[in-house]
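Participant: Construct the entire structure; sequences and hints are all you get.
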Amino acid sequence: MNWINNVVRPKIRSLWSAKRDVPENLWVKCPETGEMVFHRDLEANQWVIPNSGYHMRMPPKERFVQLFDGSDYEAIATPAVTQDPLKFRDEKRYVDRLRDSRAKTGNDDAVLVGAGRVEGNAVVAAVQDFDFMGGSLGTAAGEAIIRGMEEAVARSAAFVMFTASGGARMQEGILSLMQMPRTTVAVEMLREAGLPYLVVLTNPTLGGVTASYAMLGDVHIAEPGALIGFAGPRVIEQTIREKLPEGFQRSEYLHEHGMVDLVVHRHEMRATIGRLVRLLTHAKGTALIPA
Amino acid sequence: MRSYLDFEKPIADLEGKVQELKALADSGNALPIDDDIAKLETSAAQALADIYTRLTPWQKAQVARHPDRPHAVHYIEKLISDWTPLSGDRNFGEDAAILAGLGSFRGRPVAVIGQEKGHDTQTRIRHNFGMARPEGYRKAIRIMEMADRFNLPLISLVDTAGAYPGIGAEERGQAEAIARSTQACLRLGVPIVSVVIGEGGSGGAIAIATANRVFMLEHSIYSVISPEGAASILWKDSAKAQDAAMNMRITAQDLVRFGIIDGIIEEPVGGAHRSPDQVIEAVGGVIEAAFATFDGKSRDDIRADRRRKFLAIGRELKA
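If you read the protein sequences in the order shown, they are chains A and B.
Mapping of the first sequence onto UniProt numbering: residues 1 to 291, in sequence order.
Mapping of the second sequence onto UniProt numbering: residues 1 to 319, in sequence order.
Check the hints yourself; a few may be wrong.
Derived lysine-lysine pairs resembling DSBU-like cross-links, with alpha carbons at most 30 Å apart [claimed, not checked]:
hint, chain 1, residue 1, chain 2, residue 2
1, A, K92, B, K236
2, A, K104, A, K61
3, A, K243, B, K236
4, A, K243, A, K29
5, A, K104, B, K240
6, B, K236, A, K104
7, A, K61, A, K29
8, A, K29, A, K104
9, A, K87, A, K104
10, B, K240, A, K87
11, B, K78, B, K297
12, B, K240, B, K9
13, A, K92, A, K61
14, B, K240, A, K92
15, B, K39, B, K22
16, A, K92, A, K104
17, A, K87, B, K236
18, A, K87, B, K309
19, B, K39, B, K9
20, B, K236, A, K29
21, A, K243, B, K240
Examples of chain A residues lying across from chain B (beta carbon under 7 Å, computed) [claimed, not checked]:
hint, residue
22, P85
23, D90
24, T139
25, G173
26, L175
27, S176
28, M178
29, E188
30, A211
31, S212
32, M215
33, L216
34, F230
35, V235
36, I240
Derived by calculation from the structure, the hints in this document are not laboratory data.
Ideal Cβ positions, reconstructed from N, Cα and C, are used throughout, including at glycine.
Facilitator: Now the structure itself:
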């Protein structure tokens with residue numbers, strides 16, 4: 001029972017569950033099997049439904065807590081950006097959407113950056129939060145990723161990117177499209193510095209995110225069953241007017257088609273990342289720096 | 001037979017009458033209608049000028065997609081001598097949605113990548129309406145890497161609704177192909193100059209438009225998603241494409257204002273299709289001048305110039 005070792009320690013768990021406002025009697029339903037799980041049990045199991053193995057979305061800060069040694073990490077501040085340069089409104093004003101998402105998540109935008117150690121190795125990680133406007137890639141998210149990659153270069157650390165996004169943030173129009181080449185510039189900086197870049201694709205990762213930094217890692221890891229693709233399934237169905245095959249655009253499908261190196265259960269994620277970073281950086285000696 | 005867009009109806013009516021009167025005059029009837037023809041021609045020209053000086057973003061999208069608009073093949077034909085098309089990604093297949101090849105541009109050997117939509121049913125199918133699959137982007141990468149090795153500057157002509165959304169394209173890694181193509185642009189030690197000649201559709205466009213200099217034709221559009229796509233996602237109503245086009249800031253004039261592109265290339269009154277040679281010549285001039293600014297620059301400088309340009313985007317914007 002390997003996963004038991006990876007389950008977060010109770011003391012730490014109580015720290016974050018106290019912060020959040022979850023009703024005591026909350027039960028969560030597995031989207032796949034309909035199985036009901038008590039939220040505490042779900043959290044204790046890293047948001048994986050115990051029987052079905054379905055990987056639920058998890059709060060972005062939890063990624064850091066579970067990734068870094070001793071759950072100890074430094075939050076890296078991300079740059080402030082110009083708000084709503086397009087003065088965009090659809091059925092709602094973009095500034096109102098931003099305000100609502102900030103209130104809901106407690107974060108400024110969709111990408112958080114943290115630095116610490118993973119099994120002794122220096123790592124900077126970024127996490128994309130699907131709960132913040134679908135994890136969409138706008139200027140703030142782009143700047144946060146660039147900042148994170150620059151921080152990795154400054155610290156001579158590996159960079160780990162947890163993706164979760166519906167794609168570009170349409171409310172920022174062309175500026176959102178520009179985050180594709182902009183983040184790619186930062187990927188090039190990592191590469192030139194000889195630092196490993198690991199991508200962890202989580203459910204879902206689509207559009208301009210997949211078509212830029214999410215597909216440029218040295219190693220691509222996917223969580224089981226994640227939807228990963230360029231065009232969303234609905235767009236493809238409308239274009240070709242036929243039903244899509246079972247399992248299309250899921251992690252296992254991408255693995256089979258050569259786009260993903262490993263499909264890794266969340267309970268094995270930390271160990272896998274630690275091992276990859278150690279193997280990739282060992283020759284440079286960076287992995288030997290004491291914690 | 002000229003094709004008219006919906007909003008060009010007043011022009012179509014006037015130009016139609018001119019044609020009728022001219023036919024009448026030519027038929028040998030000695031009617032005193034020369035003055036009428038001249039008057040009508042003036043009104044038609046005036047109507048055209050009026051409409052085209054205040055095109056809405058949605059109207060521009062239609063002009064950008066006009067069936068008679070000059071396409072990549074026309075630019076290549078007029079601007080490139082010794083044109084030698086190259087095919088295939090060496091992995092899976094040939095994708096005619098992206099043309100690629102070598103040739104000579106105003107005395108300079110160059111590599112060219114251009115998205116081609118086709119102009120009739122047969123060519124539209126052959127070019128897949130300008131919507132490339134992964135092999136198209138992988139061919140582009142191959143040509144870019146070759147251009148880099150042989151020190152050839154690159155011209156990229158952007159005209160696509162977007163990368164093709166299909167099962168095969170996903171299966172073969174559409175997202176990866178686009179990401180790698182953008183990365184390949186960023187690695188070039190030779191200058192790359194992009195011109196959006198029609199539609200710059202999202203990731204499908206940026207994959208070949210991560211360039212040292214990016215220009216747009218006056219009535220071209222460049223956006224993260226088509227107005228129709230944005231309307232159906234954000235307004236849940238594809239009929240709201242006009243609102244989406246307006247809100248998303250997709251015109252060349254908007255993109256200059258946001259510091260995304262380096263300049264606008266003027267079109268004749270009534271759009272590029274009314275005088276293709278003139279537009280193609282103007283595009284040639286702009287590309288030539290852009291290349292000249294990189295003469296004598298080192299490969300590292302050219303690469304650094306491109307990176308700086310993209311990193312700077314959005315950093316100086318005012319709310």
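Participant: Quick one, is the A/M215 hint okay against chain B at 7 Å, beta carbons?
Facilitator: 4 Å, holds
Participant: Does the interface hint hold: is A/D90 within less than 7 Å of chain B, judged Cβ to Cβ?
Facilitator: 4 Å, holds
Participant: Just to be careful: measuring from the Cβ of A/T139 to every Cβ in chain B, is the smallest value less than 7 Å?
Facilitator: 5 Å, holds
Participant: Taking the closest Cβ pair, is A/S176 under 7 Å from chain B?
Facilitator: 5 Å, holds
Participant: Would the pair A/K92 and A/K61 pass a check requiring their Cα atoms to be no farther apart than 30 Å?
Facilitator: Judged against 30 Å, a Cα distance of about 28 Å means the pair holds.
Participant: Please verify whether A/K92 and B/K236 have alpha carbons no more than 30 Å apart.
Facilitator: This hinted pair holds, its Cα atoms lying about 12 Å apart.
Participant: Compare the distance between the alpha carbons of A/K61 and A/K29 with 30 Å, and conclude whether the hinted pair is satisfied.
Facilitator: Answer holds: A/K61 to A/K29 is near 22 Å, not above 30 Å.
Participant: Keeping to a limit of 30 Å between CA atoms, is the pair of A/K29 and A/K104 held or broken?
Facilitator: 21 Å, holds
Participant: Straight-line Cα separation of B/K240 and A/K87 no greater than 30 Å?
Facilitator: 18 Å, holds
Participant: Are the Cα atoms of B/K39 and B/K22 separated by 30 Å or less?
Facilitator: Measuring from Cα to Cα gives roughly 13 Å; hence the hint holds.
Participant: If you take the shortest Cβ to Cβ gap from A/A211 to chain B, is it below 7 Å?
Facilitator: 4 Å, holds
Participant: Taking the least C-beta to C-beta distance, is A/G173 closer than 7 Å to chain B?
Facilitator: 4 Å, holds
The structure shown violates none of the earlier numbered hints.
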